[in-house]
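Here the protein sequences come in this chain order: A and B. So the first sequence is numbered by the numbering used here: it starts at 1 and just counts up by one. So the second sequence is numbered by the numbering used here: it starts at 1 and just counts up by one.
Derived by calculation from the structure, the hints in this document are not laboratory data.
Cβ-Cβ distance ranges computed for the label pairs, FRET-style: (1) G206(A) x A301(B): 41 to 47 angstroms; (2) G410(B) x T583(A): 43 to 49 angstroms; (3) A317(B) x L442(A): 31 to 37 angstroms.
Fair warning: this is a prediction, and the values are worked out from it, not measured in the lab. Where a beta carbon is used, it is the ideal one built from N, C-alpha and C, also for glycine.
Residue strings, one per chain:
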Amino acid sequence: MPEKIGVYFDKSCLGAALDVEALTGFVEKKWGGVVAKVESHAILASDSGRALIQKDLDGGEIDAVLVCGASPRYDAEFYNFGPNVLVERCNLREHCILPYMNPDGSYVPAGEEGPAMMLQMAQDYISMSMVKLKQMKVPQPELFETTKTILVLGGGWTGLHAALNGAAAGYEVVLLERTDKLGGAALNMLKTVPLKYPHTQAHPTGIEEKIAAVEANAKIAVKLKSELTKLSGMPGAFEATIKGPGGETTVKVGSVVLATGWVAQDTKYVECLGYGKIKDVVTTGEFEKMAKAGAITRPSNGAPAKKVAFILNPKKCEPEGPIYKTLAECNLSAEVAADGDPKAEVEVTEIKQQQWEGYQHLPMATAVNSLVALKQAGYVTEQYPADGIAYIFYDSMIVQGVHERYYKAAQDIPGVMMTKAEIADVVAEDGGVVVKATNTLLGHDLEVLVDLVVVPTGMVPTTAKEPVLHFDYRQGPTFPDLALFEGFCDSNYICFPYETRRTGVYAAGAVRQPMMLDAAEEDAAGATLKAIQAMESANRGVAVHPRAGDMSYPVFNFVRCTQCKRCTEECPFGALDDDEKGTPKPNFSRCRRCGTCMGACPERVISFDTYGIGMMSDMVKQYTIPDDINNGGPRVLIMACENDAYPALDMAARRGLHWSPYVRIMPVRCLGSVNAIWIKDAMSRGTDGVVLLGCKYGDDYQCHFVKGSEICNRRKENIAETLKQLGIEPERVEQYEIAIDEYDKVPGLIEDFLKLVMKLGPNPFKGY
Amino acid sequence: MSQAILVVGGGFSGITAALEAAEVGYDVYIVEKGPYLGGRVMQLNKYFPKLCPPSCGLEIQYQRIKNNPRVKFFTQAEVAKVAGGPGSYTVTVKLTPRHTAAANADLAALADSLTGQQHDCFNLGLAPRKPLYMDAPFAFPNRYVLDATGLSEEDGKKLAKSPFINLNDAPKNIELEVGAIIIATGWKPYDVTRLTNLGAGSVPNCVSNMQLERLASPNGPTGGAITRPSDGKAPKKVCFVQCAGSRDQNHLNFCSYICCMASLKQALYLREQYPDCECTVYYIDMRTPERYDKFLRKVRADEKINLVKGKVAGVAAGPNGVVIVEVEDAVSGIKKKLAYDMVVLATGMQPSLAEAKLPFDVPMDEDGFVIGGEERGIFVAGCAKKPLDVMKSAQSATGAAMKAINSVKGR
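With the rest of the complex left out, here is chain B (with noise of 0.2 angstroms):
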């Protein structure tokens, strides 16, 4: 019998949990799949509706695991096998390896070095990784990675010769015995090149909302210029699309709950940054619940940002780089052709357990959301369970972090 809790997914969801039962006296392990712990919100530029950077807050988390011993951490690390019963589980976590020493490298120079070039799934496809990486500057662990898949000869020698890297690191698997497993697996954006009437991820200048934030941020591929991927330039005109996928039957059979919001914010950002730039965002519910009512008075009183009932038939590419954009007013009826220098898809979120299963069995609806699996021991925290912003994200991981102590309570 083991009182020790198993976190599946290092997002903000899975760090809340992990710490909120550590800080009461649990032993607890998270076992993420990439190399960093922070998930979907290393990602973004700021938070709704304080427009605060993400990275202030998990500092503070990163500070948390590095001053409490009863959190252990594994990145680049998989569930494989769930073996035992509630109160003991024994977990077998497959580990990806790493090629880079534990300690905290400076190896800048030696990345810029090489001359490789892999797609970048942290920004999005919008620029080129080298092999050694490192997603942000706040990235905990701040260790580079390396993925050796592809190497070319010439960097494998440069890299050889760093007592930093260490090409021969291996796979391996390690055994966890735990009590109670929580699932923070999180989310994904949903896969655009399925949205065929909105250009289908084939339009130069109509981004995700996930690639504008990365766009939007310091660390981003254009240090935070938010311009056009096809020519550099600074949009003047810029249309949001909400519910990209979104409470769509055919795509997501729920609202994703954070792209309104995401939207306003992102106007935000573009009125900042151009003080001359328009604003209209196509909405067909606008949905800023409770203390979001307020944001949403403050990006209304912008008078170059519209907030339009409509509903977006087409995203086509125009002539120079412009979008051609089919819609039609809701409420006057009035369909229209009109032409942005860039649009925006509010992309929905979509479970990560949609498509990546887990390898032992829990009850999912047909989306992917997990629906329970608390009997055996098995909570579910964040955005596994429902769509949620950050905020409420927290408050469910706190929340299965209780329920997870309180099913090894005693064993």
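One chain only, chain A, in its complex shape (with noise of 0.2 angstroms):
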């Protein structure tokens, strides 16, 4: 921990309002004790001003900096000094100087010095800031052995792909396919639609290929009809199960690509087409099949199929209703035990897997379907040239990006007929099968009697009906919380579409979302980058995202531990383990660094070098609190998420917003990573009113850990529990949902919160 801090007042980022002397005669007086130096500099983010802090250092007379002056989210590179100098930034210009307010509503001009309250402000903040700093360690990565081998499940397109990325990038291979040979889907087709430019025909897919590259690769090791049973460890230190046709084995491996992709849906939800009940009704995928074999025939009595009807629209086997599904309908994790007793034992939630596949999956292959469509109309007029004809009835051709110009290429082919239709109905007549379409763009209905007819296959990733990494993990076999993602292997982050709720684990293809094998391809390099960026960060002892690079993790003090089971239940992330009584198990490298383990601790267990359980209830101990509410005002103290909240505090200052003198913003890396002692002890020392300042949450969350800030707002049932038995009022504590471009709504948010506060009265705990 820091014995010599230095302090660094950025002039710049004072100004006039804030007294630069005053303050430097504050640091001595009050920290003089652990800071060993006090300076400040004209613009401190330059030059010399770094070369000022890195004199200080080199010469031995700091060992940890404080930097005074603007946000922390700025001006990061030059306050860089190594892995080993412990550097804190308080935020006096964005939280302090710029959005101050008098009490009565009026600011403080430009080029003239703030009033008594404003200084006061600043040495909370500096104080706060202080507390932090000293107790700070700097973290030392927590390093074990780990094996740089990719497990990749599935031996698909995909699968094929990703294995021979990661084989060229210098890494051990093992890829299991379940049946037995490699190749999947693409094995059954007979052309893909166009995957390079031009873009306007359809060719072989080359799968023979990639199946014989991956065979004649030594880093590759190809296990046929054998599947992933168990999968237990963590990213670095991963240990797979696997049964093969020799019984069961197990693999050292450091990270896994899933491309375990598709199957095709239920065909229940195209018997309205006929499926099932005219021969002549055939699937996307039994239709391909046929054309690989050779002949394009009636499966009722074998004749050609040259007139063959390709069905795109499904709207009549639609069921009432929605067909998505919402985030309560999932397999909640982390149920956080409402009990009223914030220390008793919970019971970890085991997932359990469910099964996904419904109607939607039929419309969320529209895009893939309507390609195939087109590939597969050409078939047609292929091996009939005199007279094949093929109509393909759709809603809306989604064929989108430059495979518009494989469209254009269909529509000019004679013998293609295509429209907008809805299909009234399919039936069996003598001769061949009639679709009946209304609402087409011919200005008519349409019937047209057809020898074959063809029915869109819908799309069920396999994580929608089985457990496909068998985690042995506490947290259960599965991922959580697919079904918002309608059972794919997906991510709720438009920005970063390979974060999984497991670390280490990085789907891509078809059981990612629908997608032809262009994009499969694509992906397959993604999520392999990924599994790699995982194995070799797990070797560093860094983080991986949204963290990456950080060097802390939690650290368990299991002395104290009273094996009440709510850090293994609460993680997003499922890192932990636990033993049979219960005390927890990290696993480092699952770990993501949110601090939802912390929040969750009823006794104070778990801390990071960094961010620590005992610093932040200090920090919470050093801002000021008027005796009087009516003379001084009360005191609100904010806790703010780092990843949205506070850059939105940050830019409402700048954008010349004000808020009250009464507030106090301390940054915490999650709302998950609050713990409710922080609150008692804001509380206790009468503070009037804390706000929860964290993304918004529910289906379409925001939050960077997925569940923190619904976790807090869970938990603050217990929160409110624990004030009662203090004697005060729940309405003390409040969260807000804010998105990280609201930051015009700050100063409201606040004002309404004082308001309520102000009607509450003074904290019953002032004074004491």
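Put the two chains together into one complex; each comes in its own frame, and the hints tell you how they fit.
Pasting the structure below:
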């Protein structure tokens, strides 16, 4: 822990508002014991400012740095002195000077010195930063022996590409394929829609070359007729149990690419289009196999199928009511026991595999089916050039991007006819099948007699049906909350599509989203890179996304642990296992460093070197609290999530917005990391209210740790109970959701909460 | 020989490719033409389908860059020359002066005090900007930039007094040694002045979809109020014209991928702001693939949003700021002229390289998409390759990073 802190004031940020000399005197007087040096600089965020600090570090005068000036979000490049120097930033400009508003609502004119209340606020913030910094430790990465082997699940198009990418990058690859041969769905394909420029003609997939390349690659160990039955451990040190022809074996792997693809949807969803009742109605999958085998014929009599109707509009089959699920219908992980006793033992929820297959997998595959219909229509006209006719009935042809050129090329093929249409009925008649269509583009309803009808195939991801990974994790064998993505192993993040809820496992191909071969090939490369990253990060002892490179990790003081299992239950990433007694077992490389475990622990057992339960408690004890709410005003603490809420506060200040001088802001890693003890500490000191400011939660959650803000909200019942026991109104603690761009809402939000606090009156603990 | 990777373009794809490679352990350089990293998505109000702000993900990307010494970036920078070959390219980068100090100085007051006005490309001409500006409050690097061209004497004097301004900042060239290059030059909105039947950008209350993003954005010229540019009035009837330039051999011979979802999203912006507002979207095909089907259903459930399969033949200015739209319903065949308060053209995405060429040879198709170069250690990510949404751009960029790593590996 630092013993010789250097405190540096950036005068360009303080301007005339704060007197540097007064602050210097304050630091020397209050913190003289731990502070070795106090300096100020005209523009600290500059080469000369940096040199000033570097000189003091090099000369051994100081061992840690406190920069007082702009928000820590700015000028980071000037204040990085290597991994062994702790740097804390005290945000005086964005959280004190710029937003400062006098109690009467007036502002401090530019160029004038701020009042005593502003100076007090600045001193409070400096003290809060000081207690945090003086308890920080330089984190030492938790290193363990790592394995640099990638496990690829699925030997189809995506899995083959993942294996080839991993091997090309120099890693060993174990490739598992459930069936007796490599190739997957692509093996059944006669051709693929065009994958390359000029995107106008279908061509062979090239799957055979990919299989040969994999089989010839010395770095890739192919295991056929093999399945993963258990995955235990953590990134860099997973142990995979594989069931194969020779029985069960275990393999050490570093990370996993999930490429188990999709299965065809239950055909009951297309029965209303005649499937199952009329022999000459087949699915796109069946049609492709038939084309690959050679002759396009009618299943009923083996006669050539020269007139074929492709149906892309499955609306007739659509059930009534909503077809998509909400988060509330998911197998919710991390239930927080709201039993009123914040220390009571909880049960760890085991997330069970559910069956997510449904009608929705049909419309979700319309883009794939649209392209497939174009391709298969081509098969008909190629096989029967003189009199082959293919009809395509669609609601919207979803052929996006450069595939539009393929659509255009198909429109020019004689014998291919396309129209928007709703399907009224599909009926068997002498000599064929009649498709009755309405709302067409032809200005009238349509009835066509065809030899064969091809209905679309819904794509159901394998993860919608079985726990493919079989995690040997305390939270259960499968991924949590996949119902949000209809069972696809996808991410809820637009910006970070590879993030799953289980670190070290990255999905690619049709198990992630319905996609064509070109997208799957690219996806395989991306997921393989993420898998390599996870292994390399584990090897360096650092976190992966979103706190990539973070060397701190939760440290458990097991002596005090009461085995309540709250940390194990609430971890959004299932990072913790436990022993028979319930003592948590951290798996460092599964951890994302959000601190949700720290927030969950009623016994103050868990801390990070740079973000500790004790240091945050002490921060809460550092700001001043006026004795009289009517004289000096109330005191409100804002615990702001540093990912979105904190930047929103910064930006509000920079946009010239102002708020009450009675609030104090304390950054937290995620609202999930907020421990009720901090709130209790704040309240028992006489703080009049606490605002928890974090990301949106619910179906479209924006929390970067998925569950943090949601869990915080659910913990509020326990907090309320604790407050009631103290004789404090639970209304004094409120959580607000704020998006990063809702900066303009900040002043109103603070004002409303202060009104509420004033209505409640002073905290009864004030003055004790 | 070098294992470093050059990323041309600092938009979402470029940032992602660079970070993903750097977090494996490779050195990367990002060369961005504009003054900030973030590219097109910086201009967007929200992403579909979650309606979440792009700055949320960008903030994480910026943090990742700040925390990773392997990522080095240059803004206002352009690749001027590339010499050498795969594994050892020498890249000359031309840096345009920023004229502001490296510190995050709060220059808002100084910027406001200037009298000069410039065309604001960030706000697509909806409002002028000051010569000293920052595109968005979340911009990274969070530093003002001074465009000193045509600076008045008075403004020059004011600026000269600031310790954070350097009017003598001069252009310079730097050289980078890299083993592979990722092209992530992205896209630009198709030029509406070429769409003569749709008003060619001259009908006052007919805006492009990107302009609507700026109108809806809390940091945009109207502070987030979607109002008519001509009179600032709230629109009650709004029409969206899909495929404005896209899927048209005379303009963009491809589908721009994002416009259907973008218009649905923008209809939701309007509906949220104005409970009485009616929106009609005229489309050829409603292209909402995969999980966007859920989004389409959510939008369709709004009774005041009409989705009509139909073709817009013309857009013209009417009296009192209304816009007259000539439309043919594709199913009924009925042709009508309808009056709207505001019209939004769902203009497509044109690859940036369609016009601004790179100083090195790379195979491109006739539309300006990159279609090769891998054998020479040149890879392409995001919309420089094909039209994509943000999610797929991130996927594409991560894949490109993998390929670039594999090409420099062992060199």
